[in-house]
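Given the structure of chain A, go ahead and fit chain B onto it with the hints provided.
Chains as they are written, first to last, in the working numbering: chain A, 7 to 249; chain B, 7 to 249.
No lab work stands behind these hints, which were simulated from the structure alone.
Fair warning: there could be bad hints in the mix.
A pair counts as met if it fits within one copy or between any two copies, since identical chains are not told apart.
As the list claims (entries may be wrong) - Lysine-lysine pairs mimicking DSSO-like chemistry, simulated, CA-CA at most 30 Å apart: (1) Lys105 <-> Lys246; (2) Lys33 <-> Lys238; (3) Lys96 <-> Lys118; (4) Lys33 <-> Lys15; (5) Lys44 <-> Lys15; (6) Lys33 <-> Lys246; (7) Lys118 <-> Lys168; (8) Lys96 <-> Lys76; (9) Lys118 <-> Lys33; (10) Lys118 <-> Lys105; (11) Lys33 <-> Lys168; (12) Lys168 <-> Lys44; (13) Lys15 <-> Lys238; (14) Lys33 <-> Lys44.
There are 2 protein chains.
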Amino acid sequence: MANVNHEGKEWATACLVVIGNELLSGKVTDVNVPFLTKRLFALGIEVLSVHILPDHHQSLVAAVRDCSAKADYVFTTGGLGPTHDDVTLKAVAEAMNRKFVHSPSLEALLEKLYNLPQGPQRTYFATIPEGAELIHPPESDYPQMVVGNVYLFPGVPEVVRKKFELIVDRFVSCPIFTAELVVAQSELSIVGILNRIVYGCPDVKIGSYPGHDNGAENVRLTFDSRNEQSLKTAVEMARKELA
Amino acid sequence: MANVNHEGKEWATACLVVIGNELLSGKVTDVNVPFLTKRLFALGIEVLSVHILPDHHQSLVAAVRDCSAKADYVFTTGGLGPTHDDVTLKAVAEAMNRKFVHSPSLEALLEKLYNLPQGPQRTYFATIPEGAELIHPPESDYPQMVVGNVYLFPGVPEVVRKKFELIVDRFVSCPIFTAELVVAQSELSIVGILNRIVYGCPDVKIGSYPGHDNGAENVRLTFDSRNEQSLKTAVEMARKELA
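One chain only, chain A, in its complex shape (with noise of 0.2 Å):
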């Protein structure tokens, strides 16, 4: 990642491509969107866009392709087993314009992880896309893929979590300084005032959240900014004028 991304921007973008129908059916509450972003956020890496899709070849195909062509970092989860509802491998390969091959390295692994006997279905579990680098942290059993700029996830959270942390240098960013303020007021009635703020500090996004303190009205402003004294200034002015 160079300081200054394909989008003119001085730190690292990313999207995340979330799969399963058990996603769009509420079969399954999905969790690794809130861990991927928190911990993207922690590290100074916008997420642009997130994405949940089902098992469906051109679905995938047609968002990892625009996913990875506007951001630094992809993060797909889910899809990645050996059953016919797994089709992420083939649609990644598709959207990065691989052919997607028998990788004989990969079915020695799973033999020997999986004790799996030789045949088509063996095959079909170590048939990835061309040019795969295949990452192997020692903690970790089925190895970490990473297509281009695309890094496949399992769906399982528990696994998410540990294989992420595992490969976490990779993603460099620059940080973000963040700040919060509550306001007891309602929203309403500091709107002028915040979009003073919101036009005088174009380098620090605002964020305006209305709610309740025991049934009094009040809005949780949030401030993020890559750059430290913006954000100091921000919020010294919300604070004098609104606090």
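Coordinates of chain B only, in the frame set by chain A:
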């Protein structure tokens, strides 16, 4: 909604566009996706995709336009408030090729609801996509807005739940029949048989989710179909060959 929609499916489809910087930085964990996907599945509506996007005009315009073209219903959550980071209404107007116009009737309502004085703030808050339908269920305060096939919900989960149930009769589809079977085997060991069932029952959507029970591997199989007889056949095959 016709019985056969524009994708040739005999049931209704939906996309969700979930809006808010706070969801992409991990500061807030979305709970509207689990709610909406579960409710839509129960209504027989197939969710084609979910997109979580920042408060960014062009990203929202592209996603809403794309989703509105491919699905029968689009549900947006978030970005309806009065502050600078509430950009949904303007983006939906552009996505749906509508002008962004002042609504005297909404302004009158806002005055009544929030006791908001006349001024640029109230005018801005009452500027909406031309031709937007405003639904005023008696139990609700701020109206439910609909633009073409796009239903605009706020981000606050309790309000989403309440508003969805108030207009649920609008969403018509044909039912999904479902079943589940837990098999006390490893996923790898059932792939061959599972594939035969999958290819033998093309109108049944089968999901395979590996898990553990007291340390022993198992697989949860899920079956969804619009055809009750096909569902029964698939479950019967699985029960006979795997359980």
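Here's how the hints hold up against the structure:
no.: 1; hint: Lys105 <-> Lys246; result: neither (60 Å within a copy, 38 Å between copies)
no.: 2; hint: Lys33 <-> Lys238; result: between (44 Å within a copy, 20 Å between copies)
no.: 3; hint: Lys96 <-> Lys118; result: within (23 Å within a copy, 56 Å between copies)
no.: 4; hint: Lys33 <-> Lys15; result: between (38 Å within a copy, 22 Å between copies)
no.: 5; hint: Lys44 <-> Lys15; result: within (20 Å within a copy, 38 Å between copies)
no.: 6; hint: Lys33 <-> Lys246; result: between (48 Å within a copy, 25 Å between copies)
no.: 7; hint: Lys118 <-> Lys168; result: within (21 Å within a copy, 53 Å between copies)
no.: 8; hint: Lys96 <-> Lys76; result: both (21 Å within a copy, 24 Å between copies)
no.: 9; hint: Lys118 <-> Lys33; result: neither (33 Å within a copy, 41 Å between copies)
no.: 10; hint: Lys118 <-> Lys105; result: within (25 Å within a copy, 63 Å between copies)
no.: 11; hint: Lys33 <-> Lys168; result: both (24 Å within a copy, 21 Å between copies)
no.: 12; hint: Lys168 <-> Lys44; result: both (15 Å within a copy, 29 Å between copies)
no.: 13; hint: Lys15 <-> Lys238; result: within (22 Å within a copy, 54 Å between copies)
no.: 14; hint: Lys33 <-> Lys44; result: both (24 Å within a copy, 7 Å between copies)
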